[in-house]
Structures are given as structure tokens and as C-alpha cells.
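**Q** Here the protein sequences come in this chain order: A and Z.
Residues in the first sequence are numbered consecutively from 68, following the working numbering.
Residues in the second sequence are numbered consecutively from 68, following the working numbering.
Treat the hints with care, as some may be off.
Label pairs and their computed distance ranges (CB to CB) [to be verified]:
(1) A:349 with Z:330: 14 to 24 Å
(2) Z:153 with A:329: 44 to 54 Å
(3) A:194 with Z:336: 37 to 47 Å
(4) Z:119 with A:349: 57 to 67 Å
(5) A:310 with Z:118: 36 to 46 Å
(6) A:306 with Z:173: 28 to 38 Å
(7) Z:170 with A:205: 19 to 29 Å
(8) A:105 with Z:336: 14 to 24 Å
(9) A:306 with Z:109: 56 to 66 Å
(10) A:195 with Z:182: 15 to 25 Å
(11) A:146 with Z:195: 43 to 53 Å
30 Å max Cα-Cα, derived BS3-like pairs, lysine-lysine [what the hints assert, rightly or not]:
(12) Z:71 with A:274
(13) Z:71 with Z:157
(14) A:219 with Z:274
Hint data in this document are derived by calculation from the structure and do not stem from the laboratory.
Don't be surprised by glycine CBs; every beta carbon is placed ideally from N, CA and C.
Single-letter residue listing:
There are 2 protein chains.
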Amino acid sequence: MLDKNTNILIIGMGLLGGSYAKALTKKGFDVKCITRSQSSVDFALSEGMISYGTTAPEPELIGWADLAVFALYPHVFVEWVESYGKYFKKGAVLTDVTGVKSCIVDKIQSLLPEGVEFIAAHPMAGREVYGVQNSDDRIFNGANYIVTPTDKNTEEAVRLCKDLGHTLGFAHVAELTPEDHDMMIAYLSQLTHCIAISLMTSSDVPKLKEYTGDSFRDLTRIARINEDMWTELFLLNKKPLISMIDQFSGELYRLRTYIADDNTEKLKEMMRMSTERRAAFDKTKMTED
Amino acid sequence: MLDKNTNILIIGMGLLGGSYAKALTKKGFDVKCITRSQSSVDFALSEGMISYGTTAPEPELIGWADLAVFALYPHVFVEWVESYGKYFKKGAVLTDVTGVKSCIVDKIQSLLPEGVEFIAAHPMAGREVYGVQNSDDRIFNGANYIVTPTDKNTEEAVRLCKDLGHTLGFAHVAELTPEDHDMMIAYLSQLTHCIAISLMTSSDVPKLKEYTGDSFRDLTRIARINEDMWTELFLLNKKPLISMIDQFSGELYRLRTYIADDNTEKLKEMMRMSTERRAAFDKTKMTED
């Protein structure tokens, strides 16, 4: 169980790492961090987000952690654990914020020493800006948090990880296998980003602002995108993502065909299905939020 | 010029007609209406949105109007003008809220008696609900209003129509030819609705709510769609819309190819272009809003 004596170490103080630190320090936990740049450490200290921070992977600090949260790019995460994973103490639990799972979870679990457990999680919250300077623990309010255990995980660690989600302020904590998570994320997050990018590059409208309604604004908000992070996430989840792009393209082509053929009946039928599904979604939202 | 002595007649009291009536009555205009159902008349009267309303196309009332706003489905609009357009007085100016223009403007202009002028406009504001009961003049705040004159229009009528946009509270009033308007709307509004529908019908995820982030929510908000109205609008703007669907599909396929080929350089380049365009858009927004 997560309690006030749980020593929390955050590795990577960016937007998410910083938001975790803010939320957890506010709740009374002792939070320390290791991150790449001294300026991020300085900022986090000056804002009172952490009690200690360093740019060096100090073995003593790593050994201090009961719970470590990795908020790094996937490839940096793997390299870090390869180099310094040995310094964690027996009984330490590690978790992460990575947006893809299948390609990461087994690898990390196999790299860790006996008695150190990795339980993966995906906090579905973010902003279109990054860096610890933009961190904000309010992004967790009303958002979803998905834990993706494997058969290597203990019940205790899964419970601890879910506790963390609730403590951070997430509205809903769910559980999925890494594979189901990746298919879900391909549909609900990666595909939507692919669409926003493609929509933005489709046509260059001068004076765009004078002609847009809310819909275009909403659909392209996420077209401001961190190209390093998302390129990595797309490629790590290539198979499910391509399959979802193809499914979506098929549906858009179906709609195009109905328009070309003046098929009002089929058009309306498709719109009714879309309306129904979206309305059901709004309804559950209102009930549970 | 629009002044407090301008008699305003609204034909069609739905979401938009009602929102026009609310805004204009608040500003001190005398607003009357003709609409299909008595319950809409009753509602508008009880809310003080109009001074008089009827379900009958009373020639005297039509002849009373200095400015008439048509807020009807396109095909109903044409039929109405065919039947009752003759009752407008010389000097009356007609405008509309229709989302497509090329297919409508010439036709309406040719149906009207000498001395009655139609100047088309498209208020780019709406909600996912409809009916006069949901009307709300705040939807115009921060939104765009596009006037689409032809060479048949006088400067005075264009000015009157723009005045109306400003009076309603729109943040920006622009001018486009009907053809440019339709191409713009195919891209910025109709394509986004096609995408939202296709995204919603692509996959049926049970317990969707537990796994979604903001992006999917944003992209599918408009997937709750009035199927009668949008089917009509799509088919009336078929050529530009299909051309925009094809352009977008081409971009999405390009992105898919880069993912399939692990082409990180091209992926990042596309994301940088999308980020740059969207950032420019946010910037003009902040400056002008």
C-alpha cells in the first residue's frame, strides 16, 4: 500500500514527471528526482515540487526509493534500466508513464534484478506543451489511468500502482493487458494524432483563422506535436497503428462512396450510428464524472 | 445600414434562427418570425425572443420585413422563396445561414422579384443539439461570419449583411465568393465532420470511456450529427468535399507509409509542418480574439 513513508523517486522531470512530483508532494510524500538537466532540478526545487534532485544516477538515491516512476522516452527508459537498474533495493516497485506497452514491459521486467518489480501504467493525460515548467497536476482530474500487468506481476504491486493513480487524482483507474492497451491506444490516441497531422498538412489556407469553426479547431489542437516523442511511439506501436489507420481509411472511403453515389439512406444510417455511439459516450461521462 | 427601425423577420426558428432572434431582440430590434411548428412560436414568445410569430406565411408579415433571415434547410429555403418570395416589398434585403453557397445563391437570386435582394451569409457557429429550445446567442462570441456576395449584389446590401454579423456578436466578419466559400467549408467543416463520423464507426470499443484521453473526445464531439441536415449539405457540396476527402486520405496514406517504412526523418518533417501551421493558427487567435 502507498503510504506517507513510501519514498518516491521520479526519473525524468518533464511535463509528466513534474506533474507527478507536484501532486505527490502536495499529498505529503517525500519526492526526489533524477533528471538530465540541472535547470529542471533547479526549477523543481525552487517550486517546492521535490525535496532533492540531481542529474547524476546516484546509487544511494536509487537505493532509497520504495517506488520509482520513469517518465522518460521509451528508448532512454530501457537504456537507463540497463545501466542503473541494479542499484534498486529488493522490494522496490517501478512504474512508468510510457504510451506503448508490449514492446517495453517484457524487456524492462527481464532487465531488473530479482526482487525488484516493474508494473507498467499509462496516465492518459498531457498537454500540447512540455517541460517541467509547464507541469500541472490538474491535468489528471477527470482523466483515465491504465495499469497493464503481466503474469510476472504480484497483486501487491498492481494494487500499489492503482493506488498511485487514485492518489494522483485520476478519475478512473482501469486494467488492461499490454496487448489490449496497445490496440486501444492505437485507436483512441495514436490514430487521432495521425488524423490531426494529416488534416493540418492537407491544405494550406491563408487566413485560416477567419474561416474556421470550432470543429477544425478541436480536431487540430493535437496537431502541435512533439515530433521526437510521437515518432518513437508510432514506430514502437507500428502494427496496431497501421491496422487502425486502415480501418479508419476504410470507413472514410465508405462515406466517400455514399456521397459520390448520392446514397442518402446509407449516409444517414452511418451518421445515426456515429451519433448513437457518441451519445452513449457522453452519457457515461455525465454519470461517472 | 442596420438601425433600430429595421424590421427583422426570421424564417425558421431552430437553433440558429432562435439564437439570431435572441441576440437581435436583446439589441433592441423588433423581431418577428415564421416557422413550421406552433410550439416553437410559443416557446420564442414565452422567452421574449420575438414580438410576434406565426406558422402561416402571412403576406402582410412578409411585406413588413426590411431584413429577412432564412434559417431553413437548403431545399426548404428554395421551395419557400418560390412560393412566397413575391410578398417581399421592394427594397427588402434577404440573407440566410446556409452552410453551402454555390448551389443556392444563384437560384434564390433568380427567384426573387425585382428590387428584392438576396445576400448570402454563413455564420460559423452551432451546437451539437438543435431546436429553438437550445438556442443561445453566446455561440456567436469569438466565431466567424462569412458573407458571400455575387456580382448581382449591391454595396449597400453587403454592408447591411456585415453589419448584421457584427451586431450578432461575431468576432470576425469575412468575405468570400460562393465558390471559395464552398471549397473552404469542404475542408474546414465538412471534412472534419466526415472524419469524426468515420472515427466513431471505425471500431466499437466497449467501456470506451475508461480508456479515452482528451484527443478522442475532441475529435468526436461533432460525431453527434443531425443526419438530415448534414446529408443534405454533403450532397449539395459533393465535388469540393470529395476532392478534400481525397486530399486528406492522401496525406494520411503518406503518414502510414512513413510509419511502415520506419522513415523517422519524413515522419518528423511532417509533424514539424503540422506543428508549425497549428502554432501559427493559435498565434493569430491570441492576437485577434
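**Q** Does the structure break any of the earlier hints, and which numbers would those be?
**A** Checked against the structure, the hints that fail are numbers 1, 2, 3, 4, 5, 6, 7, 8, 10, 12, while the rest are satisfied.
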